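S.K.: Construct all of the structure, not just a fragment, from the sequences and the given hints.
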Amino acid sequence: MTDQPARLPNPAGPSDPLPAGLAGDPREDPAWRLATAFVLSRRSAHTRRAYARDIRDFYTWCHQAGLDPLRLRRVHIDAYAHELAQPQPRTGRPAAESTIARKLSTLAGLYAYGVGEELLDRSPLTGVQRPRGGQDSVSTGLTRDEVAALLSAAAADGARAHALISLLVHNGLRIDEALSRDVEHLQTERGHQVLRLRRKGGRTATAPLAPPVLHALTVYLAGRTSGPLFSTRTGRRVDEPAAWRLIRRLARRAGLPQADRINPHSLRHTFVTAALDAGVALRDVQDGAGHSDPRTTRKYDNPRELHQTSEKGPGRLIGPGPEWPAARVGVAA
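All the letters of the sequence shown, read from the start, carry residue numbers 520 to 852 under the numbering used here.
If you are wondering where the hints come from, they were derived from the structure by calculation, not from laboratory data. Honestly, I wouldn't trust all of these hints.
Label-pair ranges, simulated between beta-carbon atoms [said to hold, decoys possible]:
#, residue 1, residue 2, range
1, Arg755, Pro606, 38 to 44 angstroms
2, Ala761, His711, 29 to 35 angstroms
3, Ala631, Asp664, 26 to 32 angstroms
4, Arg709, Arg612, 25 to 31 angstroms
5, Val702, Pro606, 22 to 28 angstroms
6, Arg772, Pro606, 17 to 23 angstroms
7, Trp763, Gln607, 19 to 25 angstroms
8, His704, Gly774, 30 to 36 angstroms
9, Ser745, Arg709, 19 to 25 angstroms
10, Ala564, Gly646, 39 to 45 angstroms
11, Thr723, Arg772, 33 to 39 angstroms
12, Arg780, Pro608, 16 to 22 angstroms
13, Ser624, Val702, 32 to 38 angstroms
These figures come from a predicted structure and were not determined experimentally. All C-beta atoms, glycine included, are put in the ideal place defined by N, C-alpha and C.
M.R.: Here is the structure:
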């Protein structure tokens, strides 16, 4: 493999993929520059952060093993995958097959990028067998009672929290899809209130808003007609780390089991599972969740305690009912 970095950008910033403590200036390290170029080639901020974490973990492993990331062979990748399958220091458990598959997929993309830019002669991922990632979703879904408790906690927290949780639960959006929207993306289509989305991969879509979501958004926006849909008191867009912290805090306040494992994807998981349990057609659930592959939707097809409602269809699956708080929200945070 060659290690010429001439064609790669050399930006500096707080999201450097390499870990601190490497010898020399990381901005002059070809492996760091390859990683940075690859990460910056992704359009989604969420994807960039996820790729940076995976590459940082891998580069840290290489550094500890005395390996140059640009001079690896398949045997090294196999060794890394084997180590991931052992009990991890932080959790005491092996990484899930889906996690290993994701990390290897990130590395495959990294090295394919290097080959495509003629920085590497070959990819060490060639021929590496990757786990299939398991048949079920590994995120934590919620029961109907748990969703009701979470919505109650959100309503007590404030109008913004209640609107965000309502949107995530009833529409199953990815957190970046929700936070990237502006008020102007709330529109009327054929007499229905919808939210225009930019899905994963740059696809556009519209999400019909169920009455509880529309009510929560109306209370929260209080007549505001522009700017980020979810904003801070200073008008800045709410970011993903803040949303994660909010959901964790609300989960603890609601007394949910495993509250520290609840995250934005848990609400998406709940939406998909509720739809499948309600007997909604797989294709309709796939469209509602924005999955490009029905196999992704099928991973959620597990028994749950969520019950069928009178209206079947994505966005109308959870509530409203007497246990679902739709009003009495506090002042927006």
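S.K.: Could you tell me which of the numbered hints above are not met by this structure, giving the numbers in increasing order?
M.R.: 3, 4, 5, 6, 10
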